[in-house]
Amino acid sequence: DTGVSQDPRHKITKRGQNVTFRCDPISEHNRLYWYRQTLGQGPEFLTYFQNEAQLEKSRLLSDRFSAERPKGSFSTLEIQRTEQGDSAMYLCASRSNIAGYTFGSGTRLTVV
Amino acid sequence: AQKVTQAQTEISVVEKEDVTLDCVYETRDTTYYLFWYKQPPSGELVFLIRRNSFDEQNEISGRYSWNFQKSTSSFNFTITASQVVDSAVYFCALSEDTGRRALTFGSGTRLQVQP
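Chains as they are written, first to last, in the numbering used here: chain E, 1015 to 1126; chain B, 223 to 337.
You can trust all of the hints, since none of them are fake.
The calculated label-pair distances, taken between Cβ atoms and stated as ranges, are:
1) B:Gly284 with E:Ser1076: 42 to 50 Å
2) E:Gln1055 with B:Arg285: 22 to 30 Å
3) E:Glu1097 with B:Gln305: 36 to 44 Å
4) E:Asp1021 with B:Pro262: 15 to 23 Å
Simulated from the structure, these hints should not be mistaken for laboratory data. Note that beta-carbon positions come from the ideal geometry of N, C-alpha and C, so glycine has one too.
Bound conformation, chain E alone (with noise of 0.2 Å):
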């Protein structure tokens, strides 16, 4: 296994078009997060799946934001109508019940 994938790994769009990320986490894990970080600052935490259930959601993912986990396999992140402050680098972990993080190298995002 390679770890977590996550695709693209930089993305540039003009604000108010939509966008979406995809994170292939490892095999075996069942629990999967997306974590937002901007420059200067520590990654956010944004939500979290058990296999295909999204369990939580965290005040920062407005209701432009959406993810997906179909079949507990890859997860998509999506963005509608971008905004200039969306710009980040979006990160993916995984882990299962015994093991720790495992985190993707991400997807910067640019809005312009």
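Could you slot chain B onto chain E? The hints should help.
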């Protein structure tokens, strides 16, 4: 609510110097976990250590050592004989002991090691 404070925004040292990165945390939980992560310029978060709240033993791993003091709610990280490859942003983080275990991160300390 949980909070992690890393008061040092940026530290610059010369190679071979020892450096300590400070971390202070707040939590109402009696059982919790503390972490340190390294984030090189590539962006990926690299796991360094996890400690649970019941284990206050200090830990040493090569040039790295960690000092956990529950009495002062601190979990400091020391790099001995720093090297240029240690240059990165270092994050301290805290999680509760539940199935959720979401991480609360500090704002990070940027370490620059000059040759």
